Each structure stands twice: as C-alpha cells, then as structure tokens.
Amino acid sequence: MGETRTQGPRVLWLDDPRCTHPEIVGNKSATLARLMDLGYDIPSGLCLTTAALSAGQGDYEGDLLESTRRLKSPWVARSSSTAEDGYGRAFPGLFTTVLDLPDISSLMRAIEKIERSTHSEVVLTYARKLGVDPQTVKMAILVQSLVPATAAGVAFSRDPVSEAENVVIESNYGLGETVVDGSVTPDSFTVNGDGELIDRTRGTKRHKVVATTLGARVRRVDTSDLERSDLSLNDEDALAVARVTRKLEADLGYPVDVEWAFSGERLYVLQARPITTIESQVS
Amino acid sequence: MSLPSLPSPPLGVRYALTVPQSVLFADLSLRGSRQQAFEEVFGTAFELDYIVIDDGAMSWDFTGDDGFSRALFGDTDATRCVRRFVAAMGATARAVEKASWLLSSSDTRRAGSVEDMLFDLREYWGAYERHMTSLFTFWNVEELLSEALTRMLKETDLQAEIDSGLDRFLIPSETNYFALERRSLERVAARFGGGDKEGEAFKAALQRHVSDFGFLLAPFNLGKPPSVESLSERLEEIPGGAAAITLIDGRTDLLSDIPEPVRELGLLAQEFTFWKTERLDVMSLADSRVAHLYSSAAEALSLDTNQLFAMRREEIDASLAKGAPTVSEEVLAERLSGFCLLLHGGEIDFFEPSRKPADSEVEAATSTPGTIRGTAASRGIVSGRVRRIMDLSEASLLEPGEILVTTMTRPEMGVALDRAAAFVTDEGGRMAHAAIIAREMGKPCVIGTGEATRVLRDGMSVTVDGDNGVVTVNDGAVA
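Protein chains in written order, with the working numbering: chain A, 1 to 283; chain B, 1 to 479.
Worth flagging that the hints you see were computed from the coordinates, not collected in a lab.
A hint or two may mislead.
Footprint (simulated), chain B over chain A, 3 or more residues, beta carbon under 8 Å [to be verified]:
no.	segment
1	156-164
2	180-186
A partial selection of chain A residues facing chain B, derived with a Cβ cut-off under 7 Å [as the list claims (entries may be wrong)]:
no.	residue
3	T96
4	E170
5	H207
6	T276
Nothing here was measured: the structure is a model prediction, and the numbers come from that model.
For glycine and all other residues, C-beta sits at the position ideal for the given N, C-alpha and C.
Based on the sequences and whatever the hints tell you, model everything.
Here it is, written out as structure tokens:
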C-alpha cells in the first residue's frame, strides 16, 4: 500500500514560530501567533494543523492528548480555516466556536462539530456568494484555555457604519459571546483619534455568559438590576481596550475587528481580523 | 479514611436533601461566601463581587486571578498558603461532621419541641455555612499549587514528571471523588465476576453497598437513591481484572523518592486532594444524618420536604417560630420549578423567574407608536413587508424582499438572510452577527430595538432607515 500520510506537524503550540503561517494553522491562529510574538496578551493555546485535520483523528489524537495535558482547562475550540477572517469575508458565526470543554472527550466531539460545520449547507452557500471555492478551504482548529472574563466584547478600530476614525467598543459582563451573537444589546463606547472617550451608551444587556466551575462550566444567566443600571466597563478600561485596538491596527496594517476580554486586570486579545467592509488603508 | 456507619434516618427522606435546585442549600452556600464567613474561616476580609445560583447551577465571578489569591493568602509562599488552606478546610469539614453527628442523636435526646428543632437547625446551618466557604477557594488554591509544582519541577530538571502531567502529585479530584465507594463496588465485581448474580449473597452484597454509600451516590443520580438494579448496571461496566482505583488517603508515603523541595509540595498536593474529596463525603454524610431534622420541621409546618427546601433559611426560621409557613404554597410551587439567587455586595437577592421585572413594558413606554428606534448598524433605506422569524424552522417562510424581524439573527437562518431586504432585531449591537452580515451584504439593518418582534406583525409595511436606526410603520394593516 502506498504511503498516504500527510506531511507536517499535527499539533503546534501557539508560540511556535511555524504557527505564523496561515497555510499550516489557518488565518485566525496565524494572526494570534504573530500577535503573541509581538507581546500581546493572548491566551495560551494549541493549533491543530491543516495537515492534522486532513490526516484524520486517528492520526493526531495521540499528539493532541499529550499536548492538552499541559494546557489549562477548560478549553475553547475555534475554527481557524484558510478562508475565514480575510478581507470581505468574515464568515461570522458560520464556522463554530465551542466554548466549554473540560476534558479530552468533549474536545474531540467539539473538533468533529467544527469540522462538520465547514461542510454545512449554510457555509457552502455563503462561500459561493462571496466567490470562494469551498474546495480550496483548508481547516485548522485552535484550542485555547478559556478566559473566565469579567467583561468582554468586540472593538473596531474604525466606526463600521460611518467609517470615522474612532475606535468603537461594545461590551458586556462575562464572556464576549453575547456581544458576538447579538443576544444582548451591549454597552457601547466611542474613543476618538485623540484618545478621548466621546461617547458611552448603556445597553440593556439582559444576560451574560459566565464561567462556572460546577456542572456546566459556562452558563447564560440574567444580569442583575444593579448590573443593568451600570456600565460593564469603566472609562479607564474602555480606554485601555481602545489603545490596544489602535495598536493592533498599526501592527497589522489594516483596520481591525478585535475580540477582547478582561479577566481581572488583564486584557486579552482573543481574535483580530480585518474589518470586512472597510478597505485596507492605514493613515 | 474510613466512613462511620450511618444511623438510619426515616425511610423515604434519606436522599431528599440532595434534590437539585434546592433554595435552602443555595441560600446556605451563598451565605457561606459572604465576608463574615471568609473572616471566620480564613481570617481574611474578602468579598466576592457576585455569585449567582440559577437553576441549580452556580456561577460567580471566579477569575482564577491573582487578586483573589492575594486577598486570601497575601504574598506568602505557596507552601504556607496551601497549608493554611488545607488546615482551614479540614477544620470546617470536621466541624460539620461533628455538628451533624451530635444532631443525629438529638431525637433520642428529647422528643423535640419546635424550639429545640429550631435550635438544632441553626446549629447545623452555622456549621454548613462555614463549611461551604471553602468551596469558592479550591480553584485558586489548585492553580497556585500546580503553578508552584511546575516551576519547581522545571528547576530540578525532572522532565519526566512534567511529561506525566503532574498526575503523580496532583491527582485531579474527579478521579478521587468517591473512590472508596467505587473501590467497594469493584470488590463486589471481583467477588461475583463470573459467578452467580441471582444468588442471595450477591444481592446482600449490593444491599450493603447501598446502605454504606447510598448517601454519596444520590447527588449524582439527581436525588434518586441507588438501588440493587442501578448498581447491577454499573457492575456490568467494570472490566474484569481492572487495576485498583488509586485512593488519595492523606498518607505521606507515596513520594519518598522525590527530592526536596518538590516532595514537600507534592505531599501537600496529595493532602489537598484528599480534603477536597473528603469534604464532599462529609457533606453528603451530614445531609443524611440530619434528614430527620428536616422531615420533622416539614411535618411541623404541614409541608412536604421538597416544599421545605424551597424556602430560605430565614424563612424556615420565621415559619417555625410562627408555627405556620410564612411563604404561600403557590410561591413554593413556583420556586420548585426554578429560581435564581444572587449574592451581590454581601446581600442576597432572590428572583423568582415569573416575577422578574418585565423589560418589554418599560421599553414600550419609551417608543412613539408607529416608530421603532434602535441602533443604525448598516446603511441604506428600504421598504417592505414584515416577516417575523421567531424560530429557525420558520426561516424558509421569508419571501424575497421582505423585512426580516427577529430577536437576533443566527447564521443558520441562511436563506432568509439572503432573501431579506433588511434586518431588524430586538437585541444586539453594531458588532453583532446580524450587523456584520448586513454590512457585508449591503443591506440596511436596525439593531437592538428591544421591541421589534413584539410591536411589528407579519405583513405590516415598514420602512427601515439604516442611516438613522429608525423603523417606520407605513401601514398598520396586515396584508
């Protein structure tokens, strides 16, 4: 029988220099690896490479098992394909993120789910519409330690609607999923080019998703009246998010769409990709 | 570790204390995490920002961060911190065990008057609250320990130990939970492996197992006591000749060949794991010991025990003092179907799902009839007929050119997103899925209106102004 083993490493730590290559680990991981190298706070993680996924579970299971023992659980698994997160195609929400993985068997199930999502009808339709040939899309998966965020959300280095050069931040208590999926109306902050906070708008934010340690580890709970009547970020933290967002735009060379999370006092960057609807041009 | 044999609580209520979603135990857990309890157990003035107990599951603002550990342990080194913690955990566990043991014999002490019952309950609640406090600190201590161990192992160049995932030192407590019980069941399996599973001896062995460990198993069976049948099923899953389950028993002879200072920390890790699991055992044991107290209290109030557990500590206290329940049966029934407790700033608030403030009513008042306001999320102005999609299965009903009105868009709405002329949502911000998709597709989008799905009806003609975030009803008549 012929040798059909796909070449290349199966599992790479995010701080491995090889992780900066999108064709090995997908766009999302490659960007994060680059940012980690630049000194941003990125939750530690493992990349399950495109080679691993094309070779199949039996091939990479051992490597993955070995490496995950050194990665603090619970984990988050995110798709990191060669198609997502490019200019003009965010594929938002189409490839799956699985949030709450306490052990290796749930991780394996999550990987299967993410792999299946690439072949889903919705993704294929969307890809065709954007002129992407689904056959050329290569999948990789990123496994990171879950950041038990106290507040999190999304920030754009340009106003996505007016395209003004303001950093716009949306924020909620807990993990950022509620902001991303649109299940709450988040708090919103605008910081102008001089680094001044020019707008704060309080959202209704009825729910939040929080990390727990008993039973289900991530749960959606109602926010309290106190939380609803307050902002999920104070001015100082909002300005910190704005500074990181500006710096990301400068370092990456295009207007960015950033997922960020505060855990205690630490500000993590969970994802950074081009704003899909604004042409790449940095002043 | 050896478990004392159980006194026999009244039949039928033995496992009732572990019903999921019990208001009483949620209440006690929250009290145990207030500043006062932290001060009493750890001598530290620490206040958790918030904890939510909702639908039987607990959430709190645990960030695993330095702040929490610092507040609990100051800047002392890991060994001393963990030692202090382990000592406190041992002391609180023993306090509960002792209190429940004393109380379990109180029915022989005196045919309890209501005053006695109340006195006993207060005693037990006090011990329970102190005990629960340690729950919230496990995760930080575990992290502290494993970080310290990893660091030391790297320094001492014991690469093999690092590669083995530190299992040798810090056995994940999941594997140790109820190890004694599992080991006992394995012994039954070994004894009756190939032999007679119908015989009296086999049944007697399982019966003994139920009576020895039933109190431990119940919580994992969602309050249902284990039976000979359920144990037989578990026995089928035990492979023949399986290696004996490792039991972390707090003894210190397993690590003799490891050099200092790793050895000391390893021993501490072992002790920590022991107490962490022992605590659960003690809690279950104590629950089963004081079951009779709760059933007498329920009887005195003419309630069943489930109703009693749907009350808070102070409510039971007040009811017993008054001689009748201070909470109505309807409210108890509501709580049994779901509740939410929130600890915030040292106060505990109680939410009953059906009594939450209705946001929609508040928001309705802020909007002029005929106009709905939200956030402008994608530019453009378009008119069309409303199609409300409240469930994914309805997505295919949307005709090309209609306005998609929904709580929040979902990627799975595929075809509907494609066909719609514009999106209007109740929830979300300018960076949410719906907004991003709308901008990519060049469709107007008004997001986070708070009321679109309630105010708009299928077939209404509306104009969506994505520049200003306004939806105007042109024609209220349903087509």
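Going through the hints against the structure:
{"no.": "1", "hint": "156-164", "verdict": "holds (count 3)"}
{"no.": "2", "hint": "180-186", "verdict": "holds (count 7)"}
{"no.": "3", "hint": "T96", "verdict": "9 Å, violated"}
{"no.": "4", "hint": "E170", "verdict": "4 Å, holds"}
{"no.": "5", "hint": "H207", "verdict": "9 Å, violated"}
{"no.": "6", "hint": "T276", "verdict": "6 Å, holds"}
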